[in-house]
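Novice: The primary structure of each chain is shown beneath.
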Amino acid sequence: MAFRILHLADLHLDRAFAAMGCQGDLARRRRQGLRDALRRAGTLAKERDCNVICIGGDLYEQERAGADTGRFLADTFASWQPLPVFLAPGNHDALLPQSLYARTEWSGNVHLFTSPTLEPCDLTDGITLWGLAHREPQWQGDPLAASPIDAGGIHLALFHGAELGSRPTDSPIHGPFHAAGIREHGFAAALCGHYHKRRLDTKTGLLYPGSPEPLSFDEPGGRGPAIAIITDSGMVEFEALDVNVWRALTVNAEVGGSASLDSLVDSALESIHTAAATLDPEHTLVRVDLTGDVAAAVSLDLVTVETRLREQTSLAVVRVRDLTRPGIDIEAAATERTARGAFTRTALEAMAGTDDLEESAILEDALRYGLMALSGAEVGLR
Amino acid sequence: MRIESVDVRGFGQLRDLVVAFHPRVTVILGDNEAGKSTVHRVIRAALYGLDAGGQGRAVERSDWARWVPWAGGPYGFAVTLVTDSGSRLRIAARLDKREQRVQVFEVGGGDVTADMRQGKLIVPGLHLLGIDEAVFCATAWLGEDGLRLGAPDAAAQRAQELQEAVERLADSGKNTTTTEAVGRLRDALERVGSERRSQSPLGVAAARQRQLEKEIEAARRRVEAYAADQAQLRYLEQAAELAQQRQRDSERAWLVGRLAALGSERLELQRVVAERAELMAVLDATASAADFPIEDEPRVLALAGEWHQAVSGSREVEVRWQAAAPTLERTQRRRAEILAGVEALGEPVVIDTTIERERKVIVADLETARAEVRRLGDAAGIESRAEALRREIAATGMGSIRVGSIEAVAPLITSAQSTAGSHLPSLLAGGLAILSLMAAAGMGAVHQIAAASATATAGLVVAFCIFLLARRGAGGSAQARRQLARMCPDLDVSDTGLVRAREQLSALTALHQDLLRQEVRAASWREELAAATTQLAAIAIRADRLASALDVVNTNDVAGDDPAAHAKAILDRIDAIAEAESRRVELLAEDAGLVQTEAALNLLADEARHTRAAVAAIEVRLRQRLRVAAESPDVEAAIAAFSEACAMRRRHDIAAAQLASLRPRLGEGDSDSHLAERAAQFSRDLLARGGDLAQVATAPPLDQMALGQLERDVEAARQQASAASLAAGELRSRLHAAFDGLPVLADIEDEYALCRAARDRANHQRAALNRAIELLTTSTRGVHRDMAPRLAASISARLCELSQGRYQSVNVDTDHFGIAIAGDNTPDLIPLDQMSHGTRDQVALLLRLALADVLSDSGELVPLFLDEPLLTADPHRRDMALDFLGELSKRHQVVLTTSDPALADDVRGRLGDAAGVVELVKRSSSRTDGGSGDGSSGTRAKQR
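These protein sequences, in sequence, are chains A and B. Just so we're aligned: 10 in our numbering is position 10 of the first sequence, and the numbers increase by one with no gaps anywhere. Just so we're aligned: 832 in our numbering is position 450 of the second sequence, and the numbers increase by one with no gaps anywhere.
Errors might be hidden in some of the hints.
Each pair of labels, with its calculated beta carbon distance range [said to hold, decoys possible]: (1) A:D356 / B:T561: 28 to 34 Å; (2) A:K197 / B:A607: 34 to 40 Å; (3) B:A1079 / A:D142: 53 to 59 Å; (4) B:R1066 / A:A78: 32 to 38 Å; (5) B:K479 / A:E282: 46 to 52 Å; (6) B:T1208 / A:D262: 58 to 64 Å; (7) A:E358 / B:T561: 25 to 31 Å; (8) A:D25 / B:T561: 43 to 49 Å; (9) B:A1139 / A:D329: 29 to 35 Å.
Honestly, the hints are just simulated from the structure, not real lab data. Idealized CB from N, CA, C, for every residue including glycine.
Please model the complete structure; the sequences and the hints are all you need to start from.
Specialist: Listed below in structure tokens is the structure:
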């Protein structure tokens, strides 16, 4: 009979959601949603006849995790008994002396990996799970550094690490490794955490379940834990489960040609309705990217736009990013002999002459504000 | 650039209108609504296109919608112009649809539309003149106010408006000055606020952020303190658990040790009981010896030992005596025999060493000589061998031949044998004779007589010679035979005998040699035998002399002629004497030994008698001590009985003493049942504490000291566990109470992050706005500083030329383009608003043209399109303006509209051929009078 492992990672309990525009009750709902996701994973494991549950790190965020979270985790894991639960701490929940892992009393079904190198634990006859713990938040060791396994049977690895071949831009590197190393070191599969984007690669044995609930606007679509199935023939298969309650999506609103702020808001609303029509608005977080060339006469104030969009939808969150371009031919303006031309040239030259992104952003907005002011319109703040 | 013609297909109220323009001044004359301004608008549309809305502008309110032909029909036009470089361009626009189609074609050349494109728009004006539509409108395309800048009632205001207009053009090219733009930017800054203004959005965000920072810090401290307390609680719980564990371990160890001790006690108790029973049995068994006088035991034992020793010694001596008694008897008997033997040997004879040595030499020599004689006797066969050889030689028939002469006989035999059977030469001679005769007979038969006789003669002669030779050989052989017969009478000298003799010659030679050797050996033997005989005789004599020296042997009694036997007999007599003397010595020596043995055995007999007496004496004394056992006839048994009685007495005493020592131990110890009960209780306690009873079997029993230490350990661990549990309980209660009041860091951090984001965003906005103000101010100042002198120079040059030197120079200030003029009669600069109306108009116009020059880099001269410029001018001012325009038209094409025919005539009158007048006439019929326009309705143009 096949051996089934429910694997989840990157739950990030106690996460702050300000970056998604959440605060107060909404942020609390989101955090509660993360706890619900963990309970749901336990229920799923039982429904799907899983033999064990593995959690590949970043279960919570150490800097915000409180005693209540420790109690919640202990109670939740205890309620899953006798289902074994294997924990491999990651960079956000590193196994520090003051961590929840260290100061919480766990039930007997919980196995916490504590070594910074892979250590074995027999799951059943012929199947061995190897796990490790990040002992510090900035751990840079190679999770697969241990020598290849010569013993027979099926070996699985559980750890929190950054697979360098599929690293998303700007994602920090903790526990770097290459997917090709999984099989080279004798593992049938590596149950990993760190990347919030799901990746099921049976060819290399690499499994990133992704975050069970969206933690940023860059985590759209269906999400949830994954199931690793070790068949009777020793093959490893992966199955993804889409069970997330919250949805995050980015809506591109083409507002070029809007004659006024009203028409711009109307265009954005139409785009939102089109993209989020089938979603539960109370659990949907939308980021609206305004694009197109907007006439300088339109005073595009982001706070105003965001407020009006929020008022006119029932979505949990609406965040607006102004990616529009001013409805001015800047190149043509730069050729003018007027003060506007000189201003444009000076601003462009200053932008070209700086490597400081912040300074460049300030200059870009300065150019936009200046041209807007020179066009006779009220300056809309971005 | 100059406009050559305009061909309107349909544009506003104009339809199918063609207007030809004069290269210098064109006056478009027409009534109101005739379409004069529309012609200007067509030219502007040709140069810069028509705005068709979009990008935030409503289509229905766009210029494209406004200029849709009123009467319907085609919507479009064509404008032909000539550049200063001489190129003729035709701009054709079809405006029926919002997406306008414009074509720019160089007459005599090709399509240059693409060269005129600016984004989606075709803007020939921008490319040809170098100025955008806004600047074009502000400089070259003047409405009614264009030359009415200095209304008499508001000179200063009008001048200010002109400056502002110039400033707008210089700053934005549109209707905004930098000052106004900066004002809008400052308004935005006001909206953002600052961190110092607590009521502004930024101030609120900053203040809230600072407050939240403190809250977060406080919350973190509380959370960390709670975490530390949790860790402490965990530590206390673990400490309590460890202490309890230690307590349990100590209790278990105490119980195990106590159980082991109880087990040991029970075993000891059982052993003591068993020992008591054994001791009681011993007492019962030895009760009879309870009063036995054990005090006599040392003396008895001493006497017994003495007796045993005496008995042992007596027995030993007796045994030895019993063994020696037959020996003494045999010794005495042997001594008697020896005495008899010595007596039988007679008187002793002295044989000294010299005699003895001589005797041994003679014996040795005699043996040697006798051995030599025996050896020579064995060699007597040599003679027989020689005799046999002689007989064998004689058998050959040649025995008479002397040994060593056989070599002389061989040639004789050869000689005799060589002729004995040789008849062949005779036969050969006979045969030859016969053959010669037969040959001669043959020849004679054939009548060869001579040859036959010669042949016969030769044959006979040869045969005769052969015969003679054969006869001579036969005579030598006979002589050899005779000589052989003399030498060996027994030899057969016939041919056969000679053959046989010849065959035996070699064997005979060997026999002769062998015989010769045997004869030599026989001679040698005979000599050695004679020498040995002589030696034996000498030895016999020496033996006689030795016998004489002893004087006990009579040599005459010794018979025999053989010297060897004689010597042997003498020597045997001497040997017998020597042997008898030797026997005597032996017997005497044996007797001496027997004497000693006899004495020793006699001593032993004495010792045996003495020991027997000593044993009897000791036995008497011992029996006196062995009271109870004295009646026993066997002393040994009596002693044993005494010892046994003593041993019983001792066992009895020991058992009594041990029993006495056991009584206290039996009296103070617990009973076995009590011990078993306590062990059962301890076992239950051990099991209750998770202990293993199996450990008891292997655990060493602990003494009281070890048990006491364990009891102290138990108490210490119990106290530690109690203290840790108590502290943990208190801490747990405190944590429980504090749990609900713990701050949720994430909540505060969410608000903090949003505040910080708002603050960062506002600060970013402030930075961008301030940077915009800074850049805009700096750029504007630079542009003004660059543009003002150029404007001044441009205006000065034109104004000096147009005023024939009356005005020398113009100054334009860099801030807001305020204009001041220096005249030829005053050194002071006079502000424009203080100049005359005409001068202000001229300067205003020149300022616009100068702006076009400054803002353009094309070098193309901009035509002037003046719409009703002199509508309200008084005659003097109109004259001045017309003169000025006439002069200006030498460089710039001037197109002005008017509804006043007098003005048109005035222009024609003043400028003559330098001006043309086009009259727009509303159509009332299908044909026009000499006009180039053609249409069924609308307006037509007529050249005047």
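Novice: Evaluate each hint against the coordinates.
Specialist: Consistency of the hints with the structure:
In this structure the hint that D356 of chain A and T561 of chain B lie 28 to 34 Å apart at CB holds, the actual value being about 30 Å. Distance hint for K197 of chain A and A607 of chain B: a CB-CB separation of about 38 Å, consistent with the stated range 34 to 40 Å. The hinted range of 53 to 59 Å is satisfied by A1079 of chain B and D142 of chain A, whose Cβ atoms lie roughly 54 Å apart. Distance hint check for R1066 of chain B and A78 of chain A: the Cβ-Cβ separation is about 34 Å, which falls inside the suggested range of 32 to 38 Å.
Taking the beta carbon of each, K479 of chain B and E282 of chain A are about 48 Å apart, inside 46 to 52 Å as hinted. Taking 58 to 64 Å as the suggested C-beta distance range, the pair T1208 of chain B and D262 of chain A conforms, at roughly 59 Å. E358 of chain A and T561 of chain B have their C-beta atoms about 29 Å apart, which keeps the hinted 25 to 31 Å range intact. A C-beta distance of roughly 48 Å is found between D25 of chain A and T561 of chain B, which places it inside the suggested range of 43 to 49 Å.
In this structure the hint that A1139 of chain B and D329 of chain A lie 29 to 35 Å apart at CB holds, the actual value being about 33 Å.
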